[in-house]
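2 protein chains.
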Amino acid sequence: MALIVQKFGGTSVGTVERIEAVAEKIVQFRDQGDDIVVVVSAMSGETNRLVALAQEIMDYPTPREMDVLLSTGEQVTIALLSMALEKRGYGARSFTGGQVRILTSDIHTKARIREIDGTRIHAQLDQGNVVVVAGFQGVDDHGNITTLGRGGSDTTAVALAAALEADECQIYTDVKGVYTTDPRVVEDARLLSSITFEEMLELASLGAKVLQIRAVEFAGKYKVPLRVLSSFEEGPGTLISLEGDEKMEDPTIAGIAFERDEAKLTVAGVPDVPGVAYQVIGPVSAAGIEVDVIVQNAAEDGTNDITFTVKRSESDRAKQILDGIQASIGAREVLLDKKVGKVSVVGVGMRSHAGVASKTFKALADESINIQIITTSEIKISVVIEEKYLELAVRALHSAFELGDPDYEKDGGQ
Amino acid sequence: MALIVQKFGGTSVGTVERIEAVAEKIVQFRDQGDDIVVVVSAMSGETNRLVALAQEIMDYPTPREMDVLLSTGEQVTIALLSMALEKRGYGARSFTGGQVRILTSDIHTKARIREIDGTRIHAQLDQGNVVVVAGFQGVDDHGNITTLGRGGSDTTAVALAAALEADECQIYTDVKGVYTTDPRVVEDARLLSSITFEEMLELASLGAKVLQIRAVEFAGKYKVPLRVLSSFEEGPGTLISLEGDEKMEDPTIAGIAFERDEAKLTVAGVPDVPGVAYQVIGPVSAAGIEVDVIVQNAAEDGTNDITFTVKRSESDRAKQILDGIQASIGAREVLLDKKVGKVSVVGVGMRSHAGVASKTFKALADESINIQIITTSEIKISVVIEEKYLELAVRALHSAFELGDPDYEKDGGQ
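Protein chains in written order, with the working numbering: chain A, 1 to 414; chain B, 1001 to 1414.
Please note: incorrect hints may appear among the correct ones.
[To be verified] Examples of chain B residues toward chain A, derived with CB under 10 Å:
# : residue
1 : T1015
2 : T1062
3 : T1072
[Unchecked claim] Here are the simulated lysine-lysine pairs, BS3-like style, with alpha carbons at most 25 Å apart:
# : chain 1 : residue 1 : chain 2 : residue 2
4 : B       : K1311     : B       : K1339
5 : A       : K25       : A       : K176
6 : B       : K1176     : A       : K110
7 : A       : K388      : A       : K319
8 : B       : K1319     : B       : K1362
9 : B       : K1311     : A       : K87
Hints were generated in silico from the structure; no laboratory data involved. Glycine included, every Cβ here is placed at the ideal spot set by N, Cα and C.
Using the sequences and the hints, build the whole thing.
Laid out in structure tokens, this is it:
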């Protein structure tokens, strides 16, 4: 008998029919004797409906009132799911974030969870009830309703699992788990049975957006075993765990992540003096533009080239900013290349295995793909390349590291 | 500067446009320097939408979860109205029933208010904010969400006015106030500028359903001055107050109430022994059928006729019950007349003014309307008559007691 926290997102509870299906799934676990705490999002479409109502009134609705408004979305779902469980003869009790004292900071629309008091939930579990908690929401010290911002329900689930010392936190989603790369790009991409938190962080931030990065960080920090699995299909999904835990596969490389729609900016010929990188990047960040990889290389003439990437949609704005400061920082020129993409090889194994970098470069060279930028971290090698080679590069690397599903031929890609 | 509690029902906040109009109205009072606490219902249609969702799952949804579900309706409105006020530059703070500690009994879907802690509201008013409270809802001792049942938002408003010692509780509705009778039946029905609580209770329960009877009782008990007025038109409405307070009109009669769709049941020839009335009425009430007027008259042969009225829609069921017990109570026969209506003359003045009864009977006799049943209370005379004479009776009595609007000819019925 285990204590499991299960989270179902908006698509999984998008209709009454789907809420009934979720109830069926929960009931299976109850029948095995598990204690279940369920976290749910608003029914898909509901949040948009509420936002539209608010925006009929104001373009930028009062954040405090926005939280009062949006938090009703999950409240509807908890009530309906509890009814669906009661209908099946299983005791269920719904709770809003405030009712189970999910205490947060007071930054409306993007509050952070500070503390959860598990007393009330444990009391309900002891009485044999399924506890159904509204995700995405909490209360501040003064009892004002707060919401956690994008992906907040994942965070609620992980935080609850940590506070309750749950045996596992299961995030149900519309994919079967985490794959070695995007199956739409590489046909034989393999479902990973497990992955480490660090690998998941790199994969999530690099484009495999199965789970919100904040929830993964939280789970890693509090050592909550996290499992990603499908609401709609059977299967064990992917366990995200501490390094070495139940790590069944080849430990070297977990997967190949990639990011389309990047743009590369180069500020060439800046003086090689302290503070120049800050002078270049500072104004771009200050404009709210997210900067991804940054590299700097000293040239032999005592100047530097500083190169970084941004989202393509923000690249023109970044270029304008740099053009504006070019003279004052004494740069020779500002170059923009709007057609680049990024591919990353991710795996904790590369810490202890030499040769991952050279194998990466060889695989790309074999396909005559030119590497424009290389950056590395302890568990990741990223390269920026011409965008038209992106899919080719992903497939080449996936194959070079032998990540393909050995059963692929057999079952036709399923 | 006064403290005013204002309540706006579902129709008054049915669209974003109407919520904006409500905000405009509130702003006018703020500009006069009044402190305002607003109580709102769910947007019209929203409660039905939520009920339909629940009933897709269960025919009789779990009451606790029904309250969690339905309470979101008002929560949406408080957020939107607060935004509309903020947009106009007026500070506003929304609160759910739980947040302002509207403590209720734990009978889900029909809880009763026990206590309200006004501290938080007073603190907000002191800061110059309009306080917007979700009607219809509260929390029980364990923090579970409760709802008050039909008309609950009126009750919330009155209870808040009592707890905060407000100067006035204003109930905004889709009529201009309380009339001497239904203007659809009597063209020159007059808007009353004031009425007593007792008169209002009699008029409300008899068909002039402007205000929920529970809210009127509550207001009377806690001596909260209550005003009914229109959300959509200007005008002072009708003040419901303690007897004598600002009572401007002729004190004798306040109005003529009436009830259509009644049915009359007579259990004839029952033995004149103690307990027989209970034997007749008991089983009918036990079946959940609401009994209205009851009269009993001893005949000369030592038997009794017991006559009472019920809603027409429930009369067949009542007849069946009586047929079933006829033999055991020794009644001669059970008669059902499905075509009756009730007309009532209401006014605190009749306590001290003789002749109201005889004037009533004469007015009906002049129109050759036969009276089937007469019942009286301290401030009311009710007669049951053949239904086809109902409108005629109402007009005759309205005219006999000179209740018509003296300005009617002038302004064409406005």
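How the hints compare with the structure:
1. T1015: holds, 9 Å
2. T1062: holds, 5 Å
3. T1072: It holds, given that the least Cβ distance between T1072/B and chain A is near 4 Å, below 10 Å.
4. K1311/B - K1339/B: Within the cut-off at roughly 11 Å; holds.
5. K25/A - K176/A: Distance ~15 Å between K25/A and K176/A Cα, so the pair holds.
6. K1176/B - K110/A: violated, 44 Å
7. K388/A - K319/A: Holds - the C-alpha atoms of K319/A and K388/A are around 22 Å apart, at most 25 Å.
8. K1319/B - K1362/B: Between K1319/B and K1362/B the Cα gap is close to 33 Å, so the pair fails against 25 Å, i.e. violated.
9. K1311/B - K87/A: violated, 34 Å
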